[in-house]
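Chains A and B supply the protein sequences, listed in that same order. All you need for the numbering used here is the position in the first sequence, starting with 1, plus 61. All you need for the numbering used here is the position in the second sequence, starting with 1, plus 61.
Simulated from the structure, these hints should not be mistaken for laboratory data. Some clues are possibly wrong.
Since the list gives no way to pick out one identical chain from another, each pair is judged satisfied if it fits inside one copy or across any two copies.
As the list claims (entries may be wrong) - Simulated pairs of lysine-lysine, DSS-like, Cα-Cα distance not exceeding 27 Å:
| no. | residue 1 | residue 2 |
| --- | --- | --- |
| 1 | K473 | K172 |
| 2 | K164 | K430 |
| 3 | K273 | K158 |
| 4 | K147 | K430 |
| 5 | K449 | K430 |
Note that the structure is a prediction, hence the values are computed from the model and not measured.
Number of protein chains: 2
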Amino acid sequence: MNKVVASIITIGDELLIGQVIDTNSAWMAQELNKQGIWVARRVAVGDVWDDIWQALDEESRRSSIILITGGLGPTADDITKSLLLKYFGGSMVVDEKALANVKWIFERMLKRPVIERNLQQAEVPDSCTVIQNRRGTAPGMWFEKDGRIFMSMPGVPHEMKGMMTDDVLPALRQRFQLPFIAHRTLLTAGIGESFLAEHIKTFEEALPASIKLAYLPNYGMVRLRLTIRGEDAPALESLLQQQFDTLRGLVAEWMVTDEDISIQEALGRVLKAGGYTLATAESCTGGYIAHLITSIPGSSHYFKGSVVSYDNEVKTNTLAVSPDTLAANGAVSEATVREMVRGALQQLNTDFAIATSGIMGPDGGTPEKPVGTVWIAVGNRQNILAQKFSFRFDRLRNIELTATNALNLLRKFIHSPTS
Amino acid sequence: MNKVVASIITIGDELLIGQVIDTNSAWMAQELNKQGIWVARRVAVGDVWDDIWQALDEESRRSSIILITGGLGPTADDITKSLLLKYFGGSMVVDEKALANVKWIFERMLKRPVIERNLQQAEVPDSCTVIQNRRGTAPGMWFEKDGRIFMSMPGVPHEMKGMMTDDVLPALRQRFQLPFIAHRTLLTAGIGESFLAEHIKTFEEALPASIKLAYLPNYGMVRLRLTIRGEDAPALESLLQQQFDTLRGLVAEWMVTDEDISIQEALGRVLKAGGYTLATAESCTGGYIAHLITSIPGSSHYFKGSVVSYDNEVKTNTLAVSPDTLAANGAVSEATVREMVRGALQQLNTDFAIATSGIMGPDGGTPEKPVGTVWIAVGNRQNILAQKFSFRFDRLRNIELTATNALNLLRKFIHSPTS
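This is chain A alone, in the form it adopts within the complex (with noise of 0.2 Å):
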């Protein structure tokens, strides 16, 4: 069975000036992954025919699937219709499903009259098959030359999405052979990736060349991701798991979950699973810490809320930090995290909560508490762990790092309060 291969291109100029971050490219290829597809290549180009019609021949040589998306809008730097059109031959027709579509679209969920600019979305080469649009109103086509699928899509990340889904994922399964693919990931934290590589250097040197090994930072931890491929399905996945138990007992000190899941949805279905709640209490995280863990469908399940107390006097009046731990010692301090947490179990009435308090910069620093220094505390009615670290960041990503280490220490103090 040959490999089938994919190439994304993304067109749009504000990808090459950097006014926007592409995240359809990323989930674009995980989903194809998933289905045994590789994606060998992801190309950006600017709003210019040139490259446009250069990145299609390119592409084209090296994979049968070319997924395109951007450049459809209704306005005049968009011209990727066009250009598909001289491309693909044919000429511009209305797709009448389409025009249905836009009109629907205006007049019953934007309830704004159509004017002929949207009206022009719904006209197509004719070269193409149309996959319609069911959350926007530029059409997705669908055009096949010298034996390359090429299907161009909207820039809109929904409308991507839904395309994708529901009809172009589907399609591409039933037109290849797909190669049998699985991945088994596993979480980190607390060790660093070269002291994690020296530590499985045996385990890496003996893998069978069908596994793949890759090693993940991110905000101060490591996901570990082994990759077979193949066509013996079931004798693949037994392999990969036999392999990947190896590993996780190799990693078992540091390991915060063995599912491809965010660290906030560990702890989520840690606390689900013991029927207990939540709550935080965030000075310097301001609010990023309850964004994490409520991003997760189904969290009200656990998670009761967060006093955000930025402000010292919301940290005496809401959390009820009393004003001479804070004049005593500041408010980045262990004293005043630890009735922070006290606070917000009280206040929120839940049985555990999570402080932070820190300096994230790039101002606020002084030479006894520098930028990055954050103490840390989680706990519950019984007990209380702090802990003091030092990042060296820029404010987001200290931002994050106190996130993702408050949130591994309550998983840690939940499963062994004492220690």
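Keeping the supplied structure of chain A fixed, place chain B upon it in accordance with the hints.
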């Protein structure tokens, strides 16, 4: 003056299986653009020898500057350095400064013993000029070949950014005669992309050839960007300003800010200028609004904190929402968000407050209040404004849309509190 063209190559399997979102390229493109260097392509390839080699060949055919990130880690899946040695020739040598840096980072910063695997990071091909990494262990490598510049940097964002800012950008400025390039950006809310395009059609068609207009829709808002490029800086600057003033007048009704900043930054400036304080009372946004606000350095000047009242008990206990109001109207109601604003103003003692309550999905919808139903209220002690929204996206997008709409509602309210 010739247009100086750059390509960005990002290396790593994690980019092609979608496990990591590439934020580096956007940042690099932004910084290069500011210098007048045009990024023509961004290419992502896996940790695959032939693919990296081919990307270097292809991009050096079209660009004079090739910036490469990733694949320099201490683990076995990282092959970029050996490939660069082969590609540019020479032999591997230990760079003494890089070695001292690796030792310093481990012994002083991380307080862990340095191991062989880490020491190897100080090895570089002697065909390159080493760019020291002050934030991590992998040094940068600057190669030149056939008049092209190739710069290899680590994929860790803050390491790459530091290297670019401290060394790479200054060196490129010295090397090339760069054209003048300038952007002016404004942000609109409350009008769709196609209506905006229709509204400024005459303006757009009359734009001089040196100026390009781009539409950048995001989170229900549309950013408009004018870009000018050429040689005579003062003349271009004044032409751009003149066109931007016209555009600003045309879209005044929907304009959030005429700077290239986020809505939270725009609101922060309004609050700071007026000496006002703000609190949020967040149910469905779960702390995300507080996070957006506190992502901005200096936000402690106007933001006092938030009560994330995910559970109704927190709404009644901490925000003093009446249990009768909740029983009669439900948590997702005008009456509830109005009481949440009052509660936040009172409990957190601020001039203004924002409150949100809604159903973010995927579960929790009812026929009367389907997923995406959101109530937002903003106000001060004199007046409260509440508005209902119906979003129809996934959980994260609903949270983001609620947050940006809430921030914009408050911005408008401060501007005109009784309308």
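These are the hints, each one checked on the structure:
no.: 1; hint: K473 <-> K172; result: between (51 Å within a copy, 23 Å between copies)
no.: 2; hint: K164 <-> K430; result: between (60 Å within a copy, 25 Å between copies)
no.: 3; hint: K273 <-> K158; result: neither (45 Å within a copy, 34 Å between copies)
no.: 4; hint: K147 <-> K430; result: neither (63 Å within a copy, 47 Å between copies)
no.: 5; hint: K449 <-> K430; result: within (11 Å within a copy, 45 Å between copies)
Consistency note: the structure conflicts with the earlier hints numbered 3, 4.
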